[in-house]
Amino acid sequence: MTRATRIVGIGQPFAGDDGVGLAVVNELEQMSALVQVSFVQVSFARVADAMGLLPLIESSELLVVVDAVLASPAGQVKVLDVDELSSFPSCRASSHGFGVAKALGLGTVLYPAETREIRIVAVCIDRPRGYAVGLSPVVADAVRVAAARVLSLVASCAR
Amino acid sequence: MSNGDRIIRVNYLARVEGEGSLLIKLKGDQAAEVQLGIFEPPRFFEAFLRGRAHREVPDITSRICGICPVAYMMSACHAMEDALGIRVTGQLRALRRLLYAGEWVESHALHVFFLHAPDFLGYPDGFAMAKEHGEWIRKGLRIKKAGNAIVALLGGREIHPVNVRIGGFYRAPTRAELEPLLPELRWAREACTESLMWMSTFSFPSLERDYEFVALRHDEEYPFCEGRVVSSKGLDLPLCEFDAHFEEEQVPYSNALHARVRERGAYLCGPLARFNLNFDRLSPEIQALAAKVGLGAPCRNPFKNILVRLIEMAHAFEQAISVIERYELPAEPCVSAPTRASTGFGGTEAPRGLLYHRYQLDDEGTILDAKIVAPTSQNQKTIEEDLFALAPELLQLPHEDATRRAEQAIRNHDPCISCATHFLKLRVEQA
Numbered sequence: 000m001t002r003a004t005r006i007v008g009i010g011q012p013f014a015g016d017d018g019v020g021l022a023v024v025n026e027l028e029q030m031s032a033l034v035q036v037s038f039v040q041v042s043f044a045r046v047a048d049a050m051g052l053l054p055l056i057e058s059s060e061l062l063v064v065v066d067a068v069l070a071s072p073a074g075q076v077k078v079l080d081v082d083e084l085s086s087f088p089s090c091r092a093s094s095h096g097f098g099v100a101k102a103l104g105l106g107t108v109l110y111p112a113e114t115r116e117i118r119i120v121a122v123c124i125d126r127p128r129g130y131a132v133g134l135s136p137v138v139a140d141a142v143r144v145a146a147a148r149v150l151s152l153v154a155s156c157a158r
Numbered sequence: 000m001s002n003g004d005r006i007i008r009v010n011y012l013a014r015v016e017g018e019g020s021l022l023i024k025l026k027g028d029q030a031a032e033v034q035l036g037i038f039e040p041p042r043f044f045e046a047f048l049r050g051r052a053h054r055e056v057p058d059i060t061s062r063i064c065g066i067c068p069v070a071y072m073m074s075a076c077h078a079m080e081d082a083l084g085i086r087v088t089g090q091l092r093a094l095r096r097l098l099y100a101g102e103w104v105e106s107h108a109l110h111v112f113f114l115h116a117p118d119f120l121g122y123p124d125g126f127a128m129a130k131e132h133g134e135w136i137r138k139g140l141r142i143k144k145a146g147n148a149i150v151a152l153l154g155g156r157e158i159h160p161v162n163v164r165i166g167g168f169y170r171a172p173t174r175a176e177l178e179p180l181l182p183e184l185r186w187a188r189e190a191c192t193e194s195l196m197w198m199s200t201f202s203f204p205s206l207e208r209d210y211e212f213v214a215l216r217h218d219e220e221y222p223f224c225e226g227r228v229v230s231s232k233g234l235d236l237p238l239c240e241f242d243a244h245f246e247e248e249q250v251p252y253s254n255a256l257h258a259r260v261r262e263r264g265a266y267l268c269g270p271l272a273r274f275n276l277n278f279d280r281l282s283p284e285i286q287a288l289a290a291k292v293g294l295g296a297p298c299r300n301p302f303k304n305i306l307v308r309l310i311e312m313a314h315a316f317e318q319a320i321s322v323i324e325r326y327e328l329p330a331e332p333c334v335s336a337p338t339r340a341s342t343g344f345g346g347t348e349a350p351r352g353l354l355y356h357r358y359q360l361d362d363e364g365t366i367l368d369a370k371i372v373a374p375t376s377q378n379q380k381t382i383e384e385d386l387f388a389l390a391p392e393l394l395q396l397p398h399e400d401a402t403r404r405a406e407q408a409i410r411n412h413d414p415c416i417s418c419a420t421h422f423l424k425l426r427v428e429q430a
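As you go down the protein sequences, you meet chains A and B in turn.
Note that numbering that gives the first Met the number 0 numbers the first sequence so that position 129 is 128, with each residue one more than the last.
Note that numbering that gives the first Met the number 0 numbers the second sequence so that position 388 is 387, with each residue one more than the last.
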């Protein structure tokens with residue numbers, strides 16, 4: 000049986016550490032040979048806006064979202080479910096969109112049958128101060144750790 | 000205050016670009032004062048456009064808004080084309096209408112299904128509504144996605160398109176690229192009808208006001224990008240006379256300027272104004288659809304904006320389908336012209352209403368002066384007047400219901416603040 004597994008990086012590459020989710024997906028793509036666990040079909044996606052998660056939820060059995068969260072200490076990696084993510088600061092629902100936790104929560108309500116599992120691999124960061132390209136050293140060091148946690152989730156799901 | 004007078008104070012009206020508040024002072028059963036205070040930080044776009052090249056302006060101004068960047072791009076392009084004597088016609092003009100239709104759908108769909116419908120159904124937000132009305136939220140998101148697809152295909156991406164330039168586009172799509180959109184656009188057109196039928200059964204508060212409606216009016220079309228500025232109280236003028244008839248004024252409690260008709264005061268732009276001033280420009284099919292739910296011009300109930308937005312979405316899909324079915328690849332993706340010292344005026348109908356741009360260029364095309372009047376600024380005074388009119392009803396309602404009704408009244412006009420008014424904290428003070 001083939002299970003559709005989607006790994007989604009979310010972030011803004013021009014806001015410094017906020018782009019860590021995208022960096023983790025880049026890292027995983029380079030390791031794609033490792034990711035192709037026998038009967039797990041893995042695909043990658045990148046979104047800048049949480050609204051972009053909704054169609055991905057609809058079409059995935061396992062969705063792993065890699066994102067930055069505002070928490071200390073910077074560089075720590077956490078694996079969360081949707082409810083746990085809701086406890087982190089997020090933007091409000093608005094005509095410009097809404098935050099990752101809200102989008103994932105909405106997705107599970109709207110598409111309950113389609114998604115078997117959603118997990119969030121969260122990398123703690125300090126609040127970005129403005130335009131910046133690249134990650135701080137401590138968050139850059141967390142990229143490989145986060146990628147390993149994603150692989151572990153995918154492998155455990157495949158069992 | 001004394002003798003049972005009350006103060007309704009909303010301390011925290013979050014809005015997309017900043018934050019706002021609402022204060023209603025009630026004296027007896029009337030409102031003595033209403034203040035929609037917007038403390039959104041100043042953004043200085045008009046100032047930092049000075050000295051920039053005219054060709055940069057569409058991309059810079061698109062960053063003013065993440066939900067209606069196309070409107071900013073199009074108003075800027077039209078103003079520059081007016082300054083340089085460029086006329087965009089034929090298929091390039093049609094493509095612009097298609098892009099604009101996509102943006103209307105993107106904006107209206109999110110507002111109608113996710114931000115405004117919960118008000119009518121008694122839910123605190125779209126997330127709560129989704130638990131019991133998931134099929135309508137799914138439908139709304141699919142309709143929005145159809146609009147996103149138009150903008151992504153024509154603009155290069157769903158938000159802040161990168162393919163728009165003065166005189167047209169950097170690249171025009173082929174017919175083969177556009178045609179795959181058609182099945183979903185046809186589905187969405189029908190989905191708008193179904194949604195309209197459902198939402199027309201909502202209970203609408205009975206408020207009706209004698210607004211001065213202001214919108215563009217085109218010779219033949221329901222307005223997207225072109226037309227004269229007309230009003231329900233007799234204005235009919237070219238865009239270059241906008242400043243002679245409209246002014247913006249500062250109020251001490253708000254960072255956002257309040258616009259007014261010089262001769263009279265507050266006015267309303269946006270879907271309700273467009274609908275009332277251009278009903279005869281809608282196709283017979285769309286007019287019949289409106290009639291089916293009892294909507295006709297003039298409609299003066301601001302709460303029925305939600306229905307008018309669905310009518311406008313149906314119209315947008317109708318236009319989009321028509322453009323694609325008739326499309327032929329233009330010989331060139333844009334029209335160009337040499338720069339010259341001049342002043343240009345541009346106005347388009349953003350989802351929330353008339354968006355006016357004026358630029359003065361030197362002979363090399365450098366911006367010497369810029370003026371941008373956004374729909375939210377134009378409607379603020381009217382929103383306050385709506386709340387004046389609503390005050391007696393608010394007084395009769397329990398605290399939580401009064402809060403919700405005030406939020407709903409603000410959201411009727413989908414200002415950038417509307418989204419966050421679900422998070423209002425309303426304080427009622429007994430003097």
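Some clues are possibly wrong.
Calculated pairs, DSBU-like style, for lysine-lysine (alpha carbon to alpha carbon, straight line, at most 35 Å) [stated by the list, open to error]:
| id | chain 1 | residue 1 | chain 2 | residue 2 |
| --- | --- | --- | --- | --- |
| 1 | B | K232 | B | K380 |
| 2 | B | K370 | B | K380 |
| 3 | B | K291 | A | K77 |
| 4 | B | K380 | B | K26 |
| 5 | B | K232 | B | K24 |
| 6 | B | K26 | A | K77 |
Computed far set for chain B versus chain A, every beta-carbon distance over 12 Å [stated by the list, open to error]:
| id | residue |
| --- | --- |
| 7 | K24 |
| 8 | D124 |
| 9 | R156 |
Worth flagging that the hints you see were computed from the coordinates, not collected in a lab.
None of the values given here were measured: they were computed from a predicted structure.
All C-beta atoms in this analysis are idealised placements derived from N, C-alpha and C, irrespective of residue type, glycine included.
Okay, the hints, checked on the actual structure:
The suggested pairing of B:K232 with B:K380 holds, with an alpha-carbon distance near 17 Å, which does not exceed 35 Å. For the hint pairing B:K370 with B:K380, the CA-to-CA distance comes to about 20 Å; that is within 35 Å, so the pair holds. Restraint check for B:K291 and A:K77: the C-alpha separation of about 54 Å exceeds 35 Å, so the hint is violated. For a cut-off of 35 Å, the pair hint linking B:K380 to B:K26 stands: about 20 Å separates their Cα positions.
As the CA atoms of B:K232 and B:K24 are separated by approximately 30 Å, the hinted pair is consistent with the 35 Å bound. Distance restraint check for B:K26 and A:K77: the Cα-Cα separation of roughly 55 Å exceeds the 35 Å cut-off, and the hinted pair is therefore not satisfied. With a minimum CB-CB distance of about 28 Å to chain A, B:K24 clears the 12 Å threshold, and the non-interface call stands. A beta-carbon of chain A comes within 12 Å of the beta-carbon of B:D124; the shortest separation is about 6 Å.
In this structure B:R156 is not separated from chain A by more than 12 Å, as the shortest Cβ-Cβ distance comes to only about 9 Å.
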